[in-house]
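Line by line, the protein sequences give chains A and B.
Position 206, counted from 1, in the first sequence is what this note's numbering calls 206; the numbers after and before it change by one each time, with no gaps.
Position 115, counted from 1, in the second sequence is what this note's numbering calls 115; the numbers after and before it change by one each time, with no gaps.
In case anyone wonders, no lab produced these hints; they're calculated from the structure.
Be a bit skeptical, because a hint or two may be false.
Copies of one chain are not kept apart here, so a pair can be met inside one copy or by any two copies together.
Below are the EDC-like pairs computed for lysine to aspartate or glutamate, each with C-alpha atoms no more than 16 angstroms apart in a straight line [claimed, not checked]:
1. K288 to D112
2. K51 to E77
3. K28 to E248
4. K292 to E254
5. K292 to D112
6. K55 to E245
7. K166 to E248
8. K85 to E58
There are 2 protein chains.
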Amino acid sequence: MSLDGQTEMSRLYKLAQTFNCFYLSGLKSPDCKPFFVEGYQVGLVRPDVMKQLLKYPEVFLVGSYGVELNPAFRDYEERSDQIDKVLRELRAENVFIALKGWRDECFEVKTDFLSKSLLKMDRCATCLFGIRNYGVDINGYVRHPVLGLCLWFQKRSPTKQTWPGKWDNMVGGGLSVGHGILETAHKEAMEEASVPLHLLNNLISAGCVSFFFESERGLFPNTEFVFDLELPVDFVPVNADGEVETFELLPAKECLEKILTADFKTTSTPVALDFLIRHGLVTPENEKEYLKIIELLHVPLQSIYGTCNIPINTNIKENGTSLHKISNN
Amino acid sequence: MSLDGQTEMSRLYKLAQTFNCFYLSGLKSPDCKPFFVEGYQVGLVRPDVMKQLLKYPEVFLVGSYGVELNPAFRDYEERSDQIDKVLRELRAENVFIALKGWRDECFEVKTDFLSKSLLKMDRCATCLFGIRNYGVDINGYVRHPVLGLCLWFQKRSPTKQTWPGKWDNMVGGGLSVGHGILETAHKEAMEEASVPLHLLNNLISAGCVSFFFESERGLFPNTEFVFDLELPVDFVPVNADGEVETFELLPAKECLEKILTADFKTTSTPVALDFLIRHGLVTPENEKEYLKIIELLHVPLQSIYGTCNIPINTNIKENGTSLHKISNN
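Here chain A stands alone, though its shape is the one from the complex (with noise of 0.2 angstroms):
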């Protein structure tokens, strides 16, 4: 189980470093600011995006404070319809090169997984909000006879919006409106793995990574539910949906490798790391930085999004002394 001396192992801390560049900088600047809806920090935005919102005065209230939604708006239907006649606009305007992903597929922004929906947005745009965001991965796995501990990875489609010809976990997908965490897994399974259904009866859940991401894109603080499943030697998947070019079994020392190299999409990379961990390939022994991973495999995002909300029906422009408690992230 020993690997090949520091120097590799050094570059997974870059690498949970890199997976990490919001959460370890610009967290800590003042140039983001917090996205309030309802009086409760959903989001962080970036100064560019801010300049694009205060051409919407009616939709968005923008200050030093960060920015809110208009509190006017009476429910989630408006509020989701008010974003997103903004983020058409802004899409046809071709100012963010997020929203040339657009999908017609949304996300759930709420301040908390388990709370009341606030309103819902096209899942390209989550990231220029800062919103979090919620993912499945199962990590497809054999215990190869010969090989030892394998891993299935999937190439991916080169004609994917996000991320095109890299390689990725077997399966994974985003937590979309109106699917439960269990079903998405069992989901995309079948469709980009065509894992039959009496395989699915061995999966299992197995914890969570957390993540504060950073691309030209946007922000990205992850949360991805992870799930193991021990596969048949003989198991092979099969593409369903058109979203994946190859798939490839690798023995796990090779994936340590592959998700060290620019190939990998760097939001999967967690996932098949926190596997490595897990599994005894990544060990006290082996990694000088090996807390220092972990810690970065869970970051704390529930502290993060929860500690700076205002009570709910707050105008936070009709109240400016409470604003300063707030504005500092």
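Please arrange chain B on chain A, whose structure you already have, making use of the hints.
Chain B in isolation, oriented as in the chain A frame:
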């Protein structure tokens, strides 16, 4: 795999709050002050401890910013000796419950698991200074043909200094001076449970848990290196060092019940809970606070202890202006 309703489930979240009682409240209060050695924050000191340390001005510099070990001490040995002398006096005076558990077994005091040790201190005293504490735990489990996934728990000897008579993970121990992680795991597995060497080859490193507990004895910013060990159905652990009263094999679902009782050592529950999450017993479908619980199994001790340092060899008494920066933990 589904569990019996939500009432039971939110008990797990309460448990996670219990073993993080200091993380969730004390840490945010200004009462506890950082403890500096050679300019690095290595701990946190409660007011009751600070009051006692005031009696040793030649050893501890106590100010509003925190407590500093006299920077005039030249090296590891002198620092260790000076603190040892104070601790033996305080022990003789019967001031602290914690010191009743004196063991003549030292833990290293360092800024980070990897860094050079600054001094050593009897393990019973580290909680007085809020020194980070590293241990090793082994989840000994069986895939039972009838009972399904089962875990071995140990009942601690009634004569143990800490948590006497409480239930605990099959094998666990602190990392004491001069011993490595895997070495400690092997040593404890043999001493506590008589696990033979050929079975120890199946030991799988499976991550770590980090939490921040407080009791009447002191502060416990603990990190446990976690190992899983699959055992044959016919293996029965036998204690060899007198520290265990008995062992019991329990189906995973009963383990969940057991760690929720007051009969289980609170600071050992995170390891068992992490096991039950990684092995699909506690899932996002049956535990509504799943994400919050996993976050509380990985609190950012690296960040908490890493952000409050002052440069080496700066005597903070001579440099009043820099103190305010470090006064708020």
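Output the indices of the hints that this structure fails to meet, ascending.
Of the numbered hints, 2, 3, 4 and 6 do not hold.
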